[in-house]
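Undergrad: If you want the building blocks of each chain, they are given just below.
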Amino acid sequence: MFEAIAFYLFAALTVVMFTITVVTSQALYAITAMAAGMIFISAFFFILGADFLGAIQIIVYTGAVMALYAFGMMFFDTTRKVVEKRVNPQIVFVLGVLAAILVVAIFVAPIVSNNIHALYPVQEGVGNSQAIGMVLFTKYLVPFELAAVMLLVAMIAGIVLAGKKMDKSLTLMTEEDIAKAHPQHESHHSAGGHH
Amino acid sequence: MEVTLTHYLVLSTVLFAIGLIGVMRRKNLLMLFFATEILLNATNIAFTAISHYIGDLTGQMFAFFIIAIAASEVAVGLGLLIVWYKRTGKIDLDQMNSMRG
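Those protein sequences? They're chains U and X, same order as listed.
All residue numbers for the first sequence refer to my numbering, where the first residue is 1 and numbers rise by one.
All residue numbers for the second sequence refer to my numbering, where the first residue is 196 and numbers rise by one.
Treat the hints with care, since some could be wrong.
Below 30 Å or equal to it, Euclidean Cα-Cα: the simulated BS3-like pairs (lysine-lysine) are [unchecked claim]:
#1 X/Lys281 to X/Lys222
#2 X/Lys281 to U/Lys180
#3 X/Lys285 to X/Lys222
#4 X/Lys281 to U/Lys139
Negatives, chain U to chain X, calculated, CB over 10 Å [unchecked claim]:
#5 Ala36
#6 Gly125
#7 Gly127
#8 Lys180
Derived from the structure by calculation, the hints contain no laboratory data.
Since this is a predicted model, take the numbers as computed values, not measurements.
Just so you know, even glycine gets a beta-carbon here, dropped at the ideal spot from N, CA and C.
Next up, chain U with everything else stripped away, as it sits in the complex (with noise of 0.2 Å):
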C-alpha cells in the first residue's frame, strides 16, 4: 500500500520535474528541475531495494553530473532565452513512429521472458551493497576496469578541452588587460548581444 502511494507520488513529481526541464525557455530552471528529478528516481531505485544504486543516483548525478553543468554555464550566457527550433516534420514523423514501436516492444517485451531465468539470483541474507560487490568483482571485474580507464580518459579530456587558458586569472586582470588578451573573445561578446 505504501509502496503504491510512494511509487504513484514520486512518478508524479519525476514527469513534472522532467516536463519543466524539457519545455522551459529558461536555461537555470531547466537545470534546477533536472536536479530535483534526479533526487525523486533515486527514490525509485530504493523502493526497488537497489539500495547502492540510488546512493550512487544521488551522489554522482545530482553531486557530480549536476554541479559540472553548473559550472559549465559559468561559461556560457544562461539569462538569454532559449531559442526553439523550427522542427522539420519529416524529422518528427519519422521519430514519432520510432517511438511507437519502442512502446509496443516494451509492451510485448513482459510475453517475450517470460521464460527468462535470473543467471546470477540475489543470495539470501546478504545486502544488496554487498550482493553487488559480489557480482561486480568477479563477473564483470573486466567492464569495471575499462570503465575506470573511460573515466579517466574522460577526465583528461575535460581538463584539456575546457583548461586552455587557464593560467590567466581572468578575475584577477583589469578590464583592459583582458581586452587586449583576448580581443577575439571580446568582440563575440558584443556580437552576440544583439541577440
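For this one, chain U is given, so just place chain X on it according to the hints.
TA: Only chain X this time, still in chain U's reference frame:
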C-alpha cells in the same frame, strides 16, 4: 494496489518520451544534453525494475555502467561545448555547419 513491473515500464516509457520530445525541440546544445540525461535515466529505471522483479543483479550492473558512461559523456561534451563557445560565442545547433561540403 500492487505495483508491478508494468507500472515501472510505463513510467520509464513516459520519461523516455519526454526526453525524446526534448531532443526533438531543443536547439540549444546545453538543453540537448539535459534531454540526453533524461533518456539515460529512463532506461536506468527500466533496468533496475526488471532486475528487481526477475531477481537478477545484471540489470543493476547495466544501470551502474550507464551512470559511468553518462558521467564521462558530460565531461567530454561540456569540454567541447566550452571550446566551441569560446570560438564562436554561440551554442546553437543550427550554426554548427562548418563541415558542410
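Undergrad: Run through the hints listed earlier and report the numbers of any the structure violates, in increasing order.
TA: 4
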